[in-house]
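K.L.:
Sequence:
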Amino acid sequence: MTTPAEHELRRAVDLIASSKYFVAFTGAGISTPSGIPDFRSAGTGLWQRDDPMKVASATAFRQSPRNFYNWLRPLLRVSYSAHANDAHLALATLEKAGKLQAVITQNIDELHQKAGSVNVVELHGSIHRFYCPANKEHGVDFAAVVTSILSGEIPLCATCGTVLRPDITLYEEELAADDWLKAENEIALADLLLVAGSSLEVTPAALLPFKACRNGCKIILVNHSATSIDPYAELVMRSDVAECIPAMVALLNQRCG
1286 MTTPAEHELR
1296 RAVDLIASSK
1306 YFVAFTGAGI
1316 STPSGIPDFR
1326 SAGTGLWQRD
1336 DPMKVASATA
1346 FRQSPRNFYN
1356 WLRPLLRVSY
1366 SAHANDAHLA
1376 LATLEKAGKL
1386 QAVITQNIDE
1396 LHQKAGSVNV
1406 VELHGSIHRF
1416 YCPANKEHGV
1426 DFAAVVTSIL
1436 SGEIPLCATC
1446 GTVLRPDITL
1456 YEEELAADDW
1466 LKAENEIALA
1476 DLLLVAGSSL
1486 EVTPAALLPF
1496 KACRNGCKII
1506 LVNHSATSID
1516 PYAELVMRSD
1526 VAECIPAMVA
1536 LLNQRCG
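Residues 1286 to 1542 in my numbering are what the sequence shown lists, from first letter to last.
Read the hints as simulated data drawn from the structure, not as lab findings.
Where hints are given, some of them may not hold.
Straight-line Cα separation of at most 27 angstroms, BS3-like style, residue types lysine-lysine; simulated pairs [said to hold, decoys possible]:
(1) K1399 <-> K1467
(2) K1399 <-> K1384
(3) K1305 <-> K1381
(4) K1399 <-> K1421
(5) K1305 <-> K1503
(6) K1381 <-> K1399
(7) K1503 <-> K1384
(8) K1503 <-> K1381
(9) K1503 <-> K1467
(10) K1381 <-> K1467
(11) K1384 <-> K1305
(12) K1496 <-> K1305
(13) K1496 <-> K1467
(14) K1421 <-> K1467
(15) K1421 <-> K1339
(16) K1384 <-> K1467
(17) K1467 <-> K1305
(18) K1384 <-> K1496
Based on the provided sequences and hints, a complete structural model is requested.
P.N.:
The structure is reproduced here in structure tokens:
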């Protein structure tokens, strides 16, 4: 990856300044600078080491909760202690200034919320919430669950003894209908979409930028590798998101005074 070119930053700022409804769509690449591994990068992605159908599917959770939590444990440990990076903080700053209307994220780490973003649509849920699949109890003590998992235990519902599960979308499961509807509504309103740190390989989430394109929305793409939306993007930047997005915001602030 390279440092964003000045002309690319100026073009991005032009697009943001002229937009009426600006939305960000983020993937795993925005959180890797915070130390959270992504899933698909060659050599380092989580799915390079584990078959998702064997460890992160609904079937895997039902058939072998221990294997599931053995897979989840290191990811939870990293996510629990991770801090929002400069890209998360820059997007939160934009929202606070009224220049960014929403963040749609594929991530489950809640780093956007840690940074201060408010209107966040979590397409794949959050690893920071757990519930009982038997009685649907969501009022679970997260800190106690984390302590249990990190000590090597399988977390159980205090009421019925059922194995608790994280409030994330597993393989073989559909996205939560409410979250999908919120995301579609934001996409329908957007006239500018920033796609940041996503390979756009996981559907149906990856379909949202294309829905935006069909609506006439302009796309800014910041990602380390090529994606299927590249040919349709107004601007493609092969830059580190934690460097590029803050640079955009800094230049925008300079221009707006």
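K.L.:
When the structure is checked against the list of hints, which entries are broken? Sort them ascending.
P.N.:
No numbers; nothing is violated.
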